[in-house]
Structure formats: structure tokens, C-alpha cells
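S.K.: Once you have looked at the hints, place chain B on chain A.
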Amino acid sequence: MNQREGTDGDRLFFDEHQRATVEAAMARIIPTDHEPGAREAGTVGFVDRYLSGIDFIYAKPDGSGFEKLEGRRADAWRQRVDVLREKYVEGIEELDRRSRVQFDADFARLTAEQQDRVLADTERPERQADPEQAQATAAWAPVEPALQQTSTEVELDFFLLLALHTRQGFYADPIYGGNKDRVGWEVIGFPGPASLAEVHSGRFSTLDYFAEIREHPEMEDGRGA
Amino acid sequence: MAVARKIKPEKADVCIIGAGASGAAAAKVLTESGVRVVALERGPWRKRESFGGDELANVNRYNLWPDPLLNPRTFRTSEDEEPQVELFCPVPQMVGGGTIHWQGWLPRFTENDFRLHTIVGDVPGTTLADWPISYDDLEPYYGKVEWTFGVSGRAGANAFESPRSRGYPCPPMPMSRYAQKFHEGCGNLGYNSFPTPQAALSRPFNGRPATVVSAFAQQHGDPSGTRSSALNVFVPDAVATGRYDLRPDCYVREISLDERGRAKSAVYEDADGDLVEQEADVIILACGAVESARLLLLSRSGRFPNGLANGSDLVGRNVTFHEYSAAVGVFEDLIYAWAGGGYVSASSFQFYEHDDDRGHVSGGHTAAAGVGIPLPINWSLPEGPAWGAEAKQTDRDFFNHSMAVAMVVHDMPQHDNRVELDDRVKDAWGLPVARITLSPHENDLAQGRFLIDRNAEILEAAGAKKVDKVYIDRITGNCSHQHGTTRMGDNPETSVLNRDCQAHEVENLFVVDGSPFPTSTGANPTLTIMANAWRVAENIVWRRGAGTVTTATGKEE
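Quick mapping for you: the protein sequence lines, in order, are chains A and B.
Its first residue numbered 1, the first sequence is counted upward by one per residue in my numbering.
Its first residue numbered 1001, the second sequence is counted upward by one per residue in my numbering.
There's no promise every hint is true.
To be verified - Label-pair restraints from in silico Cβ distances:
id	chain 1	residue 1	chain 2	residue 2	range
1	A	Thr32	B	Ile1119	57 to 63 Å
2	B	Arg1203	A	Asp208	55 to 61 Å
3	A	His34	B	Ser1439	44 to 50 Å
4	B	Asp1356	A	Glu113	41 to 47 Å
5	B	Gly1156	A	Gly71	49 to 55 Å
6	A	His17	B	Arg1203	57 to 63 Å
7	B	Val1120	A	His34	53 to 59 Å
Since the hints were derived computationally from the structure, they do not count as laboratory data.
Beta carbons: idealized from backbone N, C-alpha and C, even for Gly.
Excised from the complex, chain A in its bound form:
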């Protein structure tokens, strides 16, 4: 697999073309409007770093760096990252292939409208053709509140994976390389912690966002109501 040294010393995974393609696709998944989108949040850097190996899987909970994985855990993550890399390499090729067939140019060179068409085509046939895939879709992008992560990334097809990673890169803690300057949190109005250290030390409290009246009301007995 191709790897190169990033300017900040991080080992990265994508070549320039792959990086430009993923960045363009992510910019359609969370587009820039009157507020920043995936491009400004740097979500491509987030996923590039994720795919670079197993050095950036878990931030240290106090924000002082990243955990070093060992043993079975490291083996599992190496295996997982390999699967994800392959999905990206093939997925990017597929985006370009569809783009050239429809619009005679690589994905990254298309207009935003054309890119949306290609992405929609990439998303849709998978949902319709294969009922099991439709289930995988439901496991990630369902009509339900977040419950627990019972879907696993390695089972997702490329488009769903890309969409999930875009959300992760937009909203996850900035330590992972996305959500630059906390723009993802600003878009949704989340007054998040200044850093992981603020949560870790127990200083981060959300009581200011509770009801003005702190006491629960005394309720009537509802029996027979």
C-alpha cells in the first residue's frame, strides 16, 4: 500500500488523487453552506490518518496523544484497517469509473451537481439490489435514535462507509484530525469541551443546559387517569 510522509510528520495513506477524490466526495456529503462543511472541517485528513495504520485509533483520554495498541487488539485493528484501505482504494476507482462513463472526467473534476449524481448512483443500486445491504444501511442510517453501534465498519459498502466517516470526521473530537477549530460543533450548536482533558479532569459540566428549575415537580397520582 502506498504511504507517504505528511508535512506534520504523520504517516498518511492516500496519494494526491485519492485524497482529492475523497475530499470532493465528503464535501458533497456535508456540503459547505452559510456555515463550514466537511471540507473546512478537514474530514479527509481525519480519514487519511485513520487509514494510515494503528497509531491513531484511540486518543489518550486526557488528550495527550494516542494509545499504543498491543497484542490481540493491535492484530484486530491491523486487520480492520487493511479491509478499510481496500474499500477506499476500490471505492475511489469506482467513483472515477462512474464519473468517466457519465461525464467523461474523474470525479474530483466534476461540478457539484455532477458529483451528487454519481454519489447518488453509487448509493442507490446497493440499497435496492441486495436486501442484506439494505439492512446494513438500516443499521447505520436508520430511522431511529442512536442506540449502540451494532453495525461494524468493515461490513459497510464504500458509500456508507464514506458517509459515516464524514460524520465522524465532522463531529468527533478535533484530536482525530477532523472537526477543525470545532466547526462541526459550531454548526449544530454544541458547546463542547475545550479538549478531551476538560472532560477527563471532570471539569466539563452541562448543568447550565438543564432546566432553570432544578427540582422535578411533584406529580399527581396518575392511577386511573
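M.R.: For chain B alone, coordinates are given in the frame of chain A:
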């Protein structure tokens, strides 16, 4: 099986497999009564400093969840189906277990939960049964757990609660805006609602500080160490006695038998990969209902060819998982349903008790909840595309303005819903994984629809401008509750354990997690799991004194 290059450890009075809610509760009671306990926990003993406010790590990257590449399970809806690898009903596998990642809603069960079969009779297709114990049997232990573990709530606020001999040690947690909306909705409909009893301290108690109200709570570990969890409370209590030898990263592969057919030892692989045999007078399983059943099934012998204590072929059967779902409402005003992690809540038991008029059996606990955990990484909302400008706008519209009213389904026990050993898939330690075979009963789906409809009405009555209902069409194990795999009962032909949670067929073997529950009830199970573990542990102490259990310390036979 080849055992131990290492020196064989000294025999223990009691060996507890697992150090989660039930195992740690039992350990506290036993060690404080002078019993020497060895606890074998398959996962690590993480300290609070190892936890953080990181949704990506905790929810998406298996920092707390079992890694499915290492600890998979398989699932199928019937015997005719090919099992698929799935993280079905995962629970953190580490010291503290499920109490590591929960936000801990701790309602008590009600009197009728223990006698539902008496109330409704046979339900076709189910194995509905009364419990062999009553609410009154557990009541003192509910109080003990609430007061030692640390629960915040208001006694008497739940109009449907059964009699309690003590109040709560701490007043309710502060009222979140989503709890306030819930109260308003219930109030407008004439329903009773109450502050959700919670595994947290609303004020300093018992030498512990008040719980930090972070946004990273539900499904996150607690770096402040202020939540009520097995890790923060029961484990330190047991350690303080000097009689709790807790060994993390020790994965029990089987329970061996002696020549008299009693449980002799736990054979485990330690962190170095060495096999070690730990003998004990009494062995207690506390691995969660899926893994306790799996360990029994892994423990085959001439006497028990189909798994330990499984002469009845009931080990693993009648498994129930609940299923969590919700109606989601959007409000004009700010709800901030991420504050407090989305689970510092208000609840109602208005539709908890059985009512013949509804056309289905039993009911469930409903409560206010957040929609994200807390960020919009792992949610997606009804209608609309999952990506693009509209999806972004949805995130923006919903994050501060939406909330859920959630419920757990009281799923009915069924003979063919079961946990077995998978015959193809093994875990990273080379052992067959748990295979779950399960289809919902029609009663589960009908009850789910009914409760979700009521939840939607509560949101509407609270002034939501838009409400979406998420009905249940299958059981996915999505709330980490698991019960029933070694149900307790008085008849050895229809139960695995007796009322003391002692195996009918193996007198020194006990199970204290959710496995003994004959029914799952409509409420969050962990308070009852801990109360029952306390009761069972006290019984074991009493039996040692009365001489019915042999002890290593030479007490009378």
C-alpha cells in the same frame, strides 16, 4: 486439558466468574462477611483515568464494546437460517461490566412482575412463568443496593411502585430540559411521571462526591469516578476487606467437576496465555446471561455431556433481551437533550402494569432520553436523505431541539429462543462463540407498538411540533440487557436453578446475573440483578455458617 506451568493457586472459599454488576455485588457481600473470594474477570481492570469523553473511540471503535473481530457472536432468527456474525447484545467485557458504559436507570420491579403468569395465565407460544421469589423477598435487598451503591431518586414519586421500606439515599438528579418536557407531556395527559432513579449521586454521599454531569455519559466510561458503578463502589468495597483476589485478563474456559459431581474448579487462561486451575468450594457465575450460559455449555463432562447443569436441556433457552426503541420529537424551544448525556431523565410507569383491555400482555417503563450519544455521529433521523445539504440541515435543526421518549419491550420468554455454542465461529481464544437463535413473539411487537404510540402522545402533549415513531419489528439486542438463560424455579424439569439461584443438579454452583430471571419484565434489570446477587450471596454466607457448604477454612460440613 493441560494445565499450568505456574504454581497452582490456593483453593478459594468462593470463586466468582465475572466482576460486573452482579459479580462485584456478590463479592462485596461475601468478602465483608469474611469469605475469601477469587474473582476471574476475562477483561482488563481499567482505572477511571483510562476513560474519556470520546464518542468515536467509545461507540464506534470498540474502546468499550467488545471488538467483533475478537469476541464475535452469531445470530439467526430460526434453526433453518444460516447464522450471521453479529455483535448481538454486547456488554463491555471488563471489571465493572455493563456499569462501565451505562447511565444507570435503576427502577425497581413491581410486585406483579414476580407473578405475571398467575395474573395472565398461559400465553400461547411462550414459557411465561412466575418467579419462585416475590417482591417481598427482594425488597430488603433493593434497599441495601440503593443505599450502598448510591441511587438518586424520590420515593413515592412513582405511583405504581410497590411498597418500599426505605427512601432513596439521595434526592433526584437535577431536572434536565428533556425531563421537564416529559413531565409536562405526562401532566397534560393525566399520567404519573417521576424523576428516573439513577446510578448517580445528586449530592455527596457516603464519602463520595456528587456525580459530574457531563455530556459524555451514556455509552461512555466515567473519568471522574463519580458515577455509581461496580468499578467505583462494589469493587473497592470488596478490595478493602483484603479478601477479594480480583484477577483481570483471566478468561475461564470451563468449570471442572469432581468425582462427586460438584463443581471443582474454574480453568482459565491468564494474561500470559497460561492455563491455570482455580479450585473453590463454591463457584458463582456472573458473566451476563449470554456468557454464563456459554460457559456452562462449554463445560462438558461424562456426567453432563450437554453442558454443566444442563440435564434439563434448558441452559441457554428462554433468553430475553428487551429491545429499546422510541418516539422522537422536535420542539421549537431548546431541549439540549445531550446535556447530562441524554439520560438524566424522567420516567413513567403509567403503562407498565398488565391491562387486559390492551389486547397484549404486560407493559414497559417509558422515559425521556437523548437522541445522540451525544453527537450526531451515530444517529440518523426519520425521513430525508442521509447525506447532502438537507441532512446537514437536519443535524442543525435536531441537535438542540429534539428528544426521544423511549421504552424497553418486555419480550416474552420462548422455548426456542436460545443461546448455544456456534459450531463454526470461534473467538480469538479458540473457543466456540455464543450463537443466538431468536424471533420475537407477536406479543413483543404489539406491546412495542402500543408503548411507542403512547410515547408519541406524550411528546405531542408536551408541545412537540413534529413526532416520529420508531416501531420494533425485530429483536436486535440493542440495549445490552440479557436474561433467562438459566431460569430459576422450584421444578427442576422447567428450571435450571432453584430459588436460591443454585443449580438443581450441582449443589455448589450458583448464577447471579440476569440468567436466573424467568421473565425480563418491562424495566431496566440491573438494580434487580444486583439486589438478587446480594440475596444469593447472603444465603451462601448463611449456608456456610449452617454447614451445608464445605469451606476451605474448615468450617463444619
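S.K.: Indicate, hint by hint, whether the structure satisfies it.
M.R.: Hint-by-hint comparison with the structure:
no.: 1; hint: A:Thr32 x B:Ile1119: 57 to 63 Å; result: holds (59 Å)
no.: 2; hint: B:Arg1203 x A:Asp208: 55 to 61 Å; result: violated (19 Å)
no.: 3; hint: A:His34 x B:Ser1439: 44 to 50 Å; result: holds (49 Å)
no.: 4; hint: B:Asp1356 x A:Glu113: 41 to 47 Å; result: violated (59 Å)
no.: 5; hint: B:Gly1156 x A:Gly71: 49 to 55 Å; result: holds (51 Å)
no.: 6; hint: A:His17 x B:Arg1203: 57 to 63 Å; result: holds (59 Å)
no.: 7; hint: B:Val1120 x A:His34: 53 to 59 Å; result: holds (57 Å)
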